[in-house]
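Engineer: Let the hints inform the model, and build the full structure from the sequences given.
Protein chains in written order, with our numbering: chain A, 1 to 131; chain B, 1001 to 1124.
It should be emphasised that the hints constitute simulated quantities derived from the structure, not laboratory data.
Treat the hints loosely; a few may be bogus.
Said to hold, decoys possible - Straight-line distance between alpha carbons at most 30 Å, and here's what the computed DSSO-like set of lysine-lysine pairs gives: (1) A:K130 x B:K1119; (2) B:K1056 x B:K1119; (3) B:K1056 x A:K130.
To be verified - To give a feel for the contact side, a few chain B residues facing chain A, derived at Cβ under 7 Å: (4) A1028; (5) I1053; (6) M1081; (7) I1112; (8) A1116; (9) K1119.
Note that the structure is a prediction, hence the values are computed from the model and not measured.
A virtual CB, placed ideally from N, CA and C, is assigned to each residue, including glycine.
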Amino acid sequence: MADVKFQRPISPHLSIYRLSPTMVMSIMHRITGAALYFGSLLLALWLLAVSGSVSQFDFANAFFGSWFGQFILLGYTWTLLHHMLGGIRHLIWDTGAGFEPKERQLLAVGTLAGSLALTVLVWAFAYLLKG
Amino acid sequence: MKTPLGNVRGLGSAHAGTGHFWLQRLTAVANIVLVTAFLIIVVSIAGSGHAEIVAKLSNPFVAILILAAFLSVLTHMRIGMQVIIEDYVHTEIRKIALLMANTFYTIAVGLIAVYAILKINFGL
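Structural biologist: Have a look at this one:
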């Protein structure tokens, strides 16, 4: 490689753009995806606890049942649903639809609103079924 | 026998073609169905006792669905993390090490899940 001493032109950085809903949701999609990547291990370990002895299961249940565990699970639920709705948004865009300014905005805001609403719904159902 | 043009046609600037893009979309669509079903299963067993959960997960339909969900999700997240690594890690040796770790991690998570489901279904 040649020793480059002069300042080469670089592409614009994230920080020079005005923050827009589509941009925030794009960043959120990657962050939630990365979080789910590590969360999948928790899920596998929970299954492992179920396959183990009752005391191992109780240990896992005590963790997920604690306020910290519940906080993790609540965050996991929202992260999952947000990434899923974000993915559906991308699938819509893959067809070439939804690229008008208003549509883009609606899809971006809808992803956030939808994920929050669905999270509440999932947890409400879980608690109702628990009785 | 391929002409030089035939060798590169359809591969794009990354020389990898659309295989990665396609697999991400294929598993994304599968995930919508499988993860939704998995969520419903988890909600239905939340707060249940050990025996009850084991009984639910021993249902062949539920067990196969969870295995399918892990297969699709892990494939999806492995190539997703691959893109993140390729985007942000530019030191070649670190990039290669992280790409390897990505595959090892994904396989480890998958093996834990498969082992657990098989044990719940056949080994208890």
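Engineer: Interface hint check: A1116 (chain B), Cβ to nearest Cβ on chain A, cutoff 7 Å. Holds or violated?
Structural biologist: A1116 (chain B) check passes; min Cβ-Cβ to chain A is 4 Å, inside 7 Å.
Engineer: Measuring from the C-beta of I1053 (chain B) to each C-beta in chain A, is the shortest one below 7 Å?
Structural biologist: At 6 Å from the nearest chain A Cβ, I1053 (chain B) passes the 7 Å test, so the hint holds.
Engineer: Do the alpha carbons of K1056 (chain B) and K130 (chain A) lie within 30 Å of each other, as the hint requires?
Structural biologist: Holds - the C-alpha atoms of K130 (chain A) and K1056 (chain B) are around 15 Å apart, at most 30 Å.
Engineer: For the hint on K1119 (chain B), just tell me whether its beta-carbon gets within less than 7 Å of chain A.
Structural biologist: holds (4 Å)
Engineer: Is it true that the CA of K130 (chain A) sits at most 30 Å from the CA of K1119 (chain B)?
Structural biologist: holds (26 Å)
Engineer: Would you settle whether the hint for M1081 (chain B) is holds or violated, based on the nearest Cβ-Cβ distance to chain A being less than 7 Å?
Structural biologist: holds (5 Å)
Engineer: Is the hint on I1112 (chain B) kept, meaning its closest Cβ partner in chain A is under 7 Å away?
Structural biologist: This interface hint holds because 4 Å falls under the 7 Å limit.
Engineer: Tell me if the straight-line CA distance from K1056 (chain B) to K1119 (chain B) falls inside 30 Å.
Structural biologist: holds (14 Å)
Engineer: Take the shortest C-beta to C-beta distance between A1028 (chain B) and chain A; is it under 7 Å?
Structural biologist: holds (5 Å)
Going through the hint list in order, the structure satisfies each hint without exception.
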